[in-house]
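Sequence order for the protein chains is X and D.
When we follow this note's numbering, the leftmost residue of the first sequence carries the number 1, and every step to the right adds one.
When we follow this note's numbering, the leftmost residue of the second sequence carries the number 585, and every step to the right adds one.
Just so you know, not all the hints are guaranteed correct.
Claimed, not checked - Calculated cross-link-like contacts (lysine-lysine; reagent style DSBU-like; alpha-carbon spacing at most 35 Å): (1) D/K1019 - X/K521; (2) X/K539 - D/K785; (3) X/K399 - D/K1019; (4) D/K983 - X/K532; (5) D/K790 - X/K539; (6) D/K1019 - X/K539; (7) D/K1105 - X/K532; (8) D/K606 - X/K435; (9) D/K1094 - X/K392; (10) D/K798 - X/K435; (11) D/K1094 - X/K435; (12) X/K553 - D/K790; (13) D/K798 - X/K521; (14) X/K545 - D/K983; (15) X/K435 - D/K983; (16) D/K976 - X/K539; (17) X/K460 - D/K1094.
No wet-lab data here; the hints were simulated from the structure.
Residue-level listing of the chains:
There are 2 protein chains.
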Amino acid sequence: MSKKPSIVRFLPILYWGPRYNKDTFAEDSTAAIVVAIILIPQSLAYALLAGMPAETGLYASIFGLTIYALFGSSNTLSVAPVAILSLMTAVAIDKLSLGSETEYIAAAVTLAFTSGVVLVLFGFLRLGFIANFLSHPVISAFITASAIIIGLSQVRHFLGVEAGGTNAIELSTSLLSSVSNTNFVTLILGISTILLIILSKRGLRKVLISLGFKPRIAIVFSKSGPLLAAFVTSFLVYFLSLDQQGVQILGYVQAGLPTIHVPEFSSELVESLLGSALLISIIGFVESVSVAQSLAARRRESIELDQELIGLGAANLGASFGGGFPITGGFSRSVVNFEAGAVTPASGLITALLIMVVTVFFAPILYWLPKVCLAAIIVVAVYSLIDFSVLKRSWIYSKADFIAVFLTLILTLTVGVEVGIATGVGSSILIHLYKTSQPHVAVVGRVKETEHFRNINRHKVEIFEELLSIRIDESLYFANSRYLEEFIFNLVATRPKLKHVILMCTAVNKIDLSALESLEKIAETLHRANIKLHLSEVKGPIMDKLATTDFFKHLSGNNYLSHNQAVEDLRESEPLSSDPKVRL
Amino acid sequence: MSKKPSIVRFLPILYWGPRYNKDTFAEDSTAAIVVAIILIPQSLAYALLAGMPAETGLYASIFGLTIYALFGSSNTLSVAPVAILSLMTAVAIDKLSLGSETEYIAAAVTLAFTSGVVLVLFGFLRLGFIANFLSHPVISAFITASAIIIGLSQVRHFLGVEAGGTNAIELSTSLLSSVSNTNFVTLILGISTILLIILSKRGLRKVLISLGFKPRIAIVFSKSGPLLAAFVTSFLVYFLSLDQQGVQILGYVQAGLPTIHVPEFSSELVESLLGSALLISIIGFVESVSVAQSLAARRRESIELDQELIGLGAANLGASFGGGFPITGGFSRSVVNFEAGAVTPASGLITALLIMVVTVFFAPILYWLPKVCLAAIIVVAVYSLIDFSVLKRSWIYSKADFIAVFLTLILTLTVGVEVGIATGVGSSILIHLYKTSQPHVAVVGRVKETEHFRNINRHKVEIFEELLSIRIDESLYFANSRYLEEFIFNLVATRPKLKHVILMCTAVNKIDLSALESLEKIAETLHRANIKLHLSEVKGPIMDKLATTDFFKHLSGNNYLSHNQAVEDLRESEPLSSDPKVRL
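So that you can see chain X by itself, here it is in the shape it has in the complex:
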């Protein structure tokens, strides 16, 4: 659709950069401040979720936002750590059972790098269509199950105990065995933090507006609940010395900017993480592109799928060069960015700059931040992702969809995220193939005194013992070609007087090579049983393709333009007897 030259498609900044001015800067800056307020605590929290040092979340945000601003095709997507990918990162690396923290960090960096390479490759090879195999309902079920696992994984921070696991069963068992060691100071602090965040989200805007603040300012502060909570809890810990009473704090956080370096990693590590990187790339891409697309369309802008792959891939490569972990466009952040008025990717650059300032100057005060505060931020964020309605919707609408949804949900919860999503994708594909492998095929007869042919099971029609008219209501391809063979051969076996079979091809849009060979086999087999095979109403494009083959040599019968013509012709060549079983 877009008529931009290809270099501008590849580097969208060349398009919006030269058009940049004071007004767009003012709009982008406002949005950038709001996003930074949300993203700073999120970056820390999702680093914790991914099992990484807090500062690496900030690094991942800085690099992700900056690089995406250069390559991405969406004006409002906010590319940084997100909950689900952080969980998937932790799960992928836990599987490797690494010994030291250094090795763990190296693996996360390698995962971001590999995922970046996969995305960029997919972009250049135009493989974005792979994301289509994740159906909406499967994604919904996967997100709900992942959100539950994430929530469960944070409970230990509320209890102030050690517990682990990568699925709901492991996590619950582990928590139950250590619940007796609960630290109640931590628990009270955690629950209070959740309440603070929820109340600030719901009430703050109303209160501020009623106090006479401008609506825009009010909105900004209403999004600042998590940041506010971080400040409040840090001060509480510091002044009440809560760390002495067992409240776990973040501790030393590396100040200053990350050093940029090409990550070192073994090919062995890449190999063992490749599967996880592939899943993370596809899930990240689907989530990101879905929000980018709806936001763009609301302003009648468009995004380019292949360029999005390159933008997200580059952002992940950037995150890995800065020592971070896999990232993608976050849903709620991007919506905030959009609604706060971001008009170009520069908004992301400004957010990155703000986070950089925080990283350089404010890292020391993060020392007192209690981990349970970050856990509370995570729990509030993922709670809104839990939505079981897809179970009911799919049950009502289609049992086949329900099976895929149910399997994804249950297996993600009980076995883990990777098995869950893989089963979801696999089962949707199998179910689809199963449904199309049994196409609707009808025996048809002529409605008396018309030229119309209708299903003999639904209409009173005229049929003959020597002639069988079959209408196929689907394109023919490998998964249904054997079904057609079986259908025809079984019909033939019950009709001793049969001399002619006519296939009515009005609804056949495609015939692949497998189906063509099936048709040849049917023609030849019927010929040996002294039955002629005819075709009628074959569409133009298919006729063109069949003409490149010797199919019509195999066909013992004719190819008719109209089905009625076929029946009339065969009737003239020999007498046909009406089937006595059918009453007109």
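Go by the hints and put chain D onto chain X.
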């Protein structure tokens, strides 16, 4: 189709057994003799190919034929060892790197058992449709590549050297490194055997008929080339003491009937062979059912796919109880059985009896049979399976089919049979999903002074700047629902005056939940951009399904019975301006 009661379906012998008489016995016996003549040397040869002791081939045939006669639904299928499955058996067990021959035999028996269980389960669960995922062209490519590997694997017997490998590269390398040790006596004997078999096949029938033999007798003897070759070479080895000159002989062959026992095996062994058993089951089923179906149809009989699964599964269970390896219905043998006049499965029982007699009384004379004779029998048999024409056919007919064929052929040859067939299946499914993930979607306009709407790129039609008519030429499901979103959003981005989008659903046969959610998202997103979404000409069954949901609440526009009505209605509600870019 069949009206038989279910017990008769499950045990077809209850149907044909009571109707059996002298005439059918005479016909079945003649066919049984011909098949036995072919099958005895084949059983020995394919046992060799599978890496098993010669007698186990005979056991597998006896049990396979007998059990299939009880459960199978085909009157003429000859279920016993076949070349491709024997190769796959050898490949599957070689992977396990077992130490002793006893372990090897136990693994082969376990493989037959597991494969039998898989087939029977598939039959009861009515999962026969899984075979549909093997497209005809992929199977052809797989058989050609496998036949080449089988041929190469037999070359060592002609050279009288040691060599091994499970793909063409390994086999060639191994053969090249040992070719200097060639035993020329063996080589000459081998080449002479091939010539003998070919000549007897081509010339014997003519010669016999011209000598005054009856045609039927002539046909039987013309099929006896391999058996003749076995006799001739055995006598040559015995009288000329060729074994002293390096010709390898079969050696001691266990005489007498096999003992029936439930195979003992470890669950670990079953687990490591499960993948191979699954592939062997599916390949075996597809090959077998394909020939059974065409033979049945030629006599206007029918076979039942699910019963065939049970029949083949039971035959494999039988083979494993008798100490054999995986078996299935062989193509050429079954055709011979059919053409020689077999009318009921009793023909298989009689063949089994004949082979039993041979096993009991003639095993000792097999001592002198040179291995190169069996290799020659295999080479002649698989040579006819090699057929590269599918490459050319698919190249001309469809490049997508060609890719799947090419990958199957190359990967089977260079990596191995299991990777080859798995890639073939995987790539055909991916290619199919890729093709349907980009359905034909056309912007349509009205042909002047008619009520017909046609593609604006192909016809001179009237379109409006405020209204977009889009016709979708495919059912909507998860793999193409995002494509539709992208298509519509991109169109909207280029049409600033747009107020209405109408989706014309004449060719939409199904809408799954994923596609439904995409339509809701499209409706909502367009609504936010002040564009109304309408539908037209939705088919009845889809309307019924949509009515179970709240879709029409999301729809900002209307649902019209006819597309023309939609355009007329919207035209009345507000003035539309003809698109100036389009000339009528």
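So if I understand the rule, the pair passes when the alpha-carbon distance is 35 Å or less; does X/K460 with D/K1094 pass? 27 Å, holds
What's the verdict on D/K1105 and X/K532, does the C-alpha distance respect the 35 Å limit or exceed it? With Cα atoms ~50 Å apart, D/K1105 and X/K532 exceed 35 Å; violated.
Under the criterion that the straight-line Cα-Cα distance not exceed 35 Å, is the pair D/K798, X/K435 satisfied? 53 Å, violated
With the threshold set at 35 Å, check whether the alpha-carbon distance from X/K539 to D/K785 stays at or below it. 46 Å, violated
With a cut-off of 35 Å on the C-alpha distance, tell me whether X/K399 and D/K1019 pass. Given that 35 Å is the threshold and the Cα spacing comes to 25 Å, the pair holds.
Quick one, are D/K983 and X/K532 close enough, alpha carbons at most 35 Å? 31 Å, holds
Hinted pair, alpha-carbon criterion (35 Å max): D/K606, X/K435. Please report holds or violated. Measuring from Cα to Cα gives roughly 47 Å; hence the hint is violated.
Measure nothing beyond the straight line between the CA atoms of D/K976 and X/K539; if it is 35 Å or shorter, mark the hint as holding. 24 Å, holds
Below or equal to 35 Å on CA atoms is what counts here, so check D/K1094 against X/K435. Distance of about 11 Å is within 35 Å: holds.
For a C-alpha distance cap of 35 Å, please report whether D/K1094 and X/K392 respect it. Answer holds: D/K1094 to X/K392 is near 20 Å, not above 35 Å.
Sort out whether X/K521 lies within 35 Å of D/K1019, counting only the CA atoms. Distance of about 25 Å is within 35 Å: holds.
When you check the alpha-carbon spacing of D/K1019 and X/K539, does it fall within 35 Å? 19 Å, holds
Hint violations for this structure: numbers 2, 5, 7, 8, 10, all remaining hints satisfied.
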